[in-house]
Amino acid sequence: MRYGSLPTIVVLLWISTPVRAAEPITFEQHVRPILKAYCLDCHGAEEKVSGKLDLRLKRFAVAGGKNGPAVVPKEPDKSLLIERMKSGDMPPVGKKVPADQIAIIEKWIAAGAPALRDEPATLPPGLGITAEERAYWFYQPLKRPAPPVFAPTNRVRTPIDAFVLAKLRERGLSFNPDADRATLIRRAAFDLTGLPPTQKEIDEFVADPAPDAYEKLLDRLLASSAYGERWGRHWLDAAGFADSDGDGSTDTVRPFAWRYRDYVIRALNADTPLDRFVTEQLAGDELVPRPWTNLKPEQIELLAATGFLRTAPDGTASGGTPADTEQVVTDTLKIVTSSLLGSSVACAQCHDHRYDPIPQADYYQLRAVFEPALDPGKWRRPGERVVSLYTDADRAKAAAVEAEAAKMQSDFNQKQSAAVRAAFEKELEKFPADARPKLKVAFDAPADKRTDEQKKLVASNPKLNITPGVLYQYDVKSDNELKAMQSKIQAKRAERPVEPFVAVMAEVPGRVPSTKLFYRGDARQPKGPDLAPADLTIAARDGKRFEIVPQSAGGSTTGRRLAWAKHLTDGTHPLFGRVMANRIWLNHFGRGIVDTPGEFGKLGQTPTHPELLDWLAIELPRQNWSLKKFHKLIMMSTVYRQSSVREPVKDTMDRANALYGRFPVRRLEAEAVRDRMLVAADRLDRTPFGPPVAAVEDGAGQVGTPDDKPRRSVYLQARRSKPVAFLTAFDAPAGELQCERRNATTTAPQSLMLLNSTFVRKQAEHVAAAVKADTLPARSGFPISVVAALKADVPVERLVERAWNRAYLRGPTADELKIGSAFLKTQTAALQGKAKDPRFAALTNLCQQLLASNEFLYVD
Numbered sequence: 000m001r002y003g004s005l006p007t008i009v010v011l012l013w014i015s016t017p018v019r020a021a022e023p024i025t026f027e028q029h030v031r032p033i034l035k036a037y038c039l040d041c042h043g044a045e046e047k048v049s050g051k052l053d054l055r056l057k058r059f060a061v062a063g064g065k066n067g068p069a070v071v072p073k074e075p076d077k078s079l080l081i082e083r084m085k086s087g088d089m090p091p092v093g094k095k096v097p098a099d100q101i102a103i104i105e106k107w108i109a110a111g112a113p114a115l116r117d118e119p120a121t122l123p124p125g126l127g128i129t130a131e132e133r134a135y136w137f138y139q140p141l142k143r144p145a146p147p148v149f150a151p152t153n154r155v156r157t158p159i160d161a162f163v164l165a166k167l168r169e170r171g172l173s174f175n176p177d178a179d180r181a182t183l184i185r186r187a188a189f190d191l192t193g194l195p196p197t198q199k200e201i202d203e204f205v206a207d208p209a210p211d212a213y214e215k216l217l218d219r220l221l222a223s224s225a226y227g228e229r230w231g232r233h234w235l236d237a238a239g240f241a242d243s244d245g246d247g248s249t250d251t252v253r254p255f256a257w258r259y260r261d262y263v264i265r266a267l268n269a270d271t272p273l274d275r276f277v278t279e280q281l282a283g284d285e286l287v288p289r290p291w292t293n294l295k296p297e298q299i300e301l302l303a304a305t306g307f308l309r310t311a312p313d314g315t316a317s318g319g320t321p322a323d324t325e326q327v328v329t330d331t332l333k334i335v336t337s338s339l340l341g342s343s344v345a346c347a348q349c350h351d352h353r354y355d356p357i358p359q360a361d362y363y364q365l366r367a368v369f370e371p372a373l374d375p376g377k378w379r380r381p382g383e384r385v386v387s388l389y390t391d392a393d394r395a396k397a398a399a400v401e402a403e404a405a406k407m408q409s410d411f412n413q414k415q416s417a418a419v420r421a422a423f424e425k426e427l428e429k430f431p432a433d434a435r436p437k438l439k440v441a442f443d444a445p446a447d448k449r450t451d452e453q454k455k456l457v458a459s460n461p462k463l464n465i466t467p468g469v470l471y472q473y474d475v476k477s478d479n480e481l482k483a484m485q486s487k488i489q490a491k492r493a494e495r496p497v498e499p500f501v502a503v504m505a506e507v508p509g510r511v512p513s514t515k516l517f518y519r520g521d522a523r524q525p526k527g528p529d530l531a532p533a534d535l536t537i538a539a540r541d542g543k544r545f546e547i548v549p550q551s552a553g554g555s556t557t558g559r560r561l562a563w564a565k566h567l568t569d570g571t572h573p574l575f576g577r578v579m580a581n582r583i584w585l586n587h588f589g590r591g592i593v594d595t596p597g598e599f600g601k602l603g604q605t606p607t608h609p610e611l612l613d614w615l616a617i618e619l620p621r622q623n624w625s626l627k628k629f630h631k632l633i634m635m636s637t638v639y640r641q642s643s644v645r646e647p648v649k650d651t652m653d654r655a656n657a658l659y660g661r662f663p664v665r666r667l668e669a670e671a672v673r674d675r676m677l678v679a680a681d682r683l684d685r686t687p688f689g690p691p692v693a694a695v696e697d698g699a700g701q702v703g704t705p706d707d708k709p710r711r712s713v714y715l716q717a718r719r720s721k722p723v724a725f726l727t728a729f730d731a732p733a734g735e736l737q738c739e740r741r742n743a744t745t746t747a748p749q750s751l752m753l754l755n756s757t758f759v760r761k762q763a764e765h766v767a768a769a770v771k772a773d774t775l776p777a778r779s780g781f782p783i784s785v786v787a788a789l790k791a792d793v794p795v796e797r798l799v800e801r802a803w804n805r806a807y808l809r810g811p812t813a814d815e816l817k818i819g820s821a822f823l824k825t826q827t828a829a830l831q832g833k834a835k836d837p838r839f840a841a842l843t844n845l846c847q848q849l850l851a852s853n854e855f856l857y858v859d
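Counting from 0, one number per residue, gives the positions in the sequence shown under numbering that gives the first Met the number 0.
Be a bit skeptical, because a hint or two may be false.
[Unchecked claim] Here are the simulated DSSO-like pairs of lysine-lysine, each with C-alpha atoms no more than 27 Å apart in a straight line: (1) K454 with K429; (2) K65 with K106; (3) K491 with K406; (4) K437 with K406; (5) K628 with K649; (6) K396 with K406; (7) K833 with K47; (8) K439 with K454; (9) K482 with K414; (10) K482 with K515; (11) K482 with K565; (12) K526 with K199; (13) K817 with K833; (14) K377 with K515; (15) K65 with K95; (16) K414 with K476; (17) K448 with K462; (18) K429 with K448; (19) K454 with K425; (20) K491 with K396; (21) K51 with K526; (22) K448 with K437; (23) K396 with K377; (24) K455 with K429.
These are calculated hints, taken from the structure and not from any lab test.
Construct all of the structure, not just a fragment, from the sequences and the given hints.
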């Protein structure tokens, strides 16, 4: 099993509820969470407890086991529980109980081992879910809080502003002033499209006096096809998308994975409602009636959508073992639950979740939702999970073409046999007449039927061994005619329609596998009754847990995934709405309201603005699940539109900017950095969709992409074993299971990449050439050629101005113009005799420095 690692300090902080100085320590709130994390696996989770000691209740601990009482109220020094924990004997394996956690239990015992309430007379097997666990904020029903009320002078443009300003006011803070328009359009363009605005677009927006100019800007950006490419990348991160299987060293390429990537981009550009978007990815195959022939474009999209359930690494692609099969199921469930439920459900595969209220049975009941499509007993390797997109018309045409080709092939075979025979007869004439009969019989006999004498005759007369491959040595004319016929046959077969495929996650018709709980997560040790498919117990609404009535075998699908998807997206699920709203917020601001987007449980962070998160989670379905409307709601707020200028007071009180008193300065993601370089060089290929640009290794062993294929980065091949070096240097995912949140590191390898990368240097050369071309007028209606531009005597200051404009979308300041001009002159002089064109080499160096600068890499 693979588990995500978390800093130890986070784990320790969240094992029990923090103890406040004046707060009494109780069993339910403070002690039981520690025991659940370290002790209850052996002393409570199973019907037969170790040492006859059950620690699920305070009175059980006081009663003790075969070695006596584990807890002696008011006497921690006489309590066996403390003794065993301090000695390190318990737990016997795994992490030991930290000293600060033992201290909490000691204080509890010293205080008389109090409990919050009377304990039940009996307790059913297992750990169950306590009232304290149910009370955790993430599991509460969604309720729409009323936004705080502020006067108009406070620049509260949306309810979002009211919630954020209320938190700021608690600290005596307020919003920054609005950013200037040039900053705002750059911010919005990179945020929504991942591409810079043009200088013309900036100038028009800055000059537009209309009060709704900003709103119109957002509408235009949201309508751009680049929007789906940008925000599709965010979704693909969470989904763990890759163009290869990750099956060990082989890392088999997934030839049709790109169809899922294209589905995501198309769906986002079409503003497919989020509930439908998620439903299609969980159960698109269940929305398309079988048989899957003569599929319509929209049906193909539904099948492609199930690629969401096929993103996990798959060790069965090139063979695999039962353990590999189980790992695919485990990883798929982790991707689904982390991205949609914000919970590390995988921790409940072997035992009840140690920190969150997720029993082990819940894990397997959720697995039962997906098991008909991920059936270890009827496993299908990746290459077997594809559907042909041939139509009846395609099949008819292919059959007709093949019939013609077969007729041509028959004619060819006859002519070839005749030509070979004629050459043989002609060559045989060269032998003595009395030798010919025996030679003819020997060569005509099948090789496995020849006598020893015949074998000797054949071996000693190779000239008569005439095959089609050597016919040209005997009959050039016939050989040429046959080659022409073969070419025509190949051309005819090339007329067959290409048979496309789509990768699909679908059930095996007529089979419904049983799902059982695995003892300690071991698939070789199933136990107990069959488990019905169901949602998590803790997500029950009004005390009613969502369960799916199992279907009998016989249909083409059980409908389990579709039923769960509809339940998940009905607008009231306490987990899904919060997770989705938080993910969108995170990608706008660089941090989430919950800054652990894949972990909302006890191991994750608590929300900085819980009321705002709940308001957003309810507002999203009220907007008919429209992501574009939701983006606009966030981006119209003062929170989003304020400047990023740092103020000493705010830095002192809120250095991490968790209260959003300014807009965060953010480094562009790896793909946006690469794409921005291509835009600056006028080279970005905006061709959408289709197979990816293959990753290739350069002479130094670094993985990149061909310079003649400058497509947007979302269309580059994402191969697990060969991530593109430039992208991974800037924190793009590099083969991990999924990426819930990108890091934004600042490292030495990034600087080295910007200085030494072949890609960066080439783009700098292209930018330099474009800068030179910018400085010359068009002639006779045609742009000046780059060659002519490079030879022209252009003023240094003009080159600096154009370089700044291409890199930064603004002109240089007086100081920048002076520094840039001096740099060009100094570099040109230094490169005399060292470069073919010293001035162009100097300009390239300048452009490379601009591409590597903070202003190019960051957006404020």
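Consistency of the hints with the structure:
{"no.": "1", "hint": "K454 with K429", "in the structure": "holds (20 Å)"}
{"no.": "2", "hint": "K65 with K106", "in the structure": "holds (25 Å)"}
{"no.": "3", "hint": "K491 with K406", "in the structure": "holds (11 Å)"}
{"no.": "4", "hint": "K437 with K406", "in the structure": "violated (36 Å)"}
{"no.": "5", "hint": "K628 with K649", "in the structure": "violated (31 Å)"}
{"no.": "6", "hint": "K396 with K406", "in the structure": "holds (15 Å)"}
{"no.": "7", "hint": "K833 with K47", "in the structure": "violated (82 Å)"}
{"no.": "8", "hint": "K439 with K454", "in the structure": "holds (12 Å)"}
{"no.": "9", "hint": "K482 with K414", "in the structure": "holds (11 Å)"}
{"no.": "10", "hint": "K482 with K515", "in the structure": "violated (63 Å)"}
{"no.": "11", "hint": "K482 with K565", "in the structure": "violated (61 Å)"}
{"no.": "12", "hint": "K526 with K199", "in the structure": "violated (68 Å)"}
{"no.": "13", "hint": "K817 with K833", "in the structure": "holds (25 Å)"}
{"no.": "14", "hint": "K377 with K515", "in the structure": "holds (16 Å)"}
{"no.": "15", "hint": "K65 with K95", "in the structure": "holds (23 Å)"}
{"no.": "16", "hint": "K414 with K476", "in the structure": "holds (12 Å)"}
{"no.": "17", "hint": "K448 with K462", "in the structure": "holds (21 Å)"}
{"no.": "18", "hint": "K429 with K448", "in the structure": "holds (26 Å)"}
{"no.": "19", "hint": "K454 with K425", "in the structure": "holds (21 Å)"}
{"no.": "20", "hint": "K491 with K396", "in the structure": "holds (12 Å)"}
{"no.": "21", "hint": "K51 with K526", "in the structure": "holds (22 Å)"}
{"no.": "22", "hint": "K448 with K437", "in the structure": "holds (15 Å)"}
{"no.": "23", "hint": "K396 with K377", "in the structure": "violated (34 Å)"}
{"no.": "24", "hint": "K455 with K429", "in the structure": "holds (19 Å)"}
The earlier numbered hints that this structure contradicts are 4, 5, 7, 10, 11, 12, 23.
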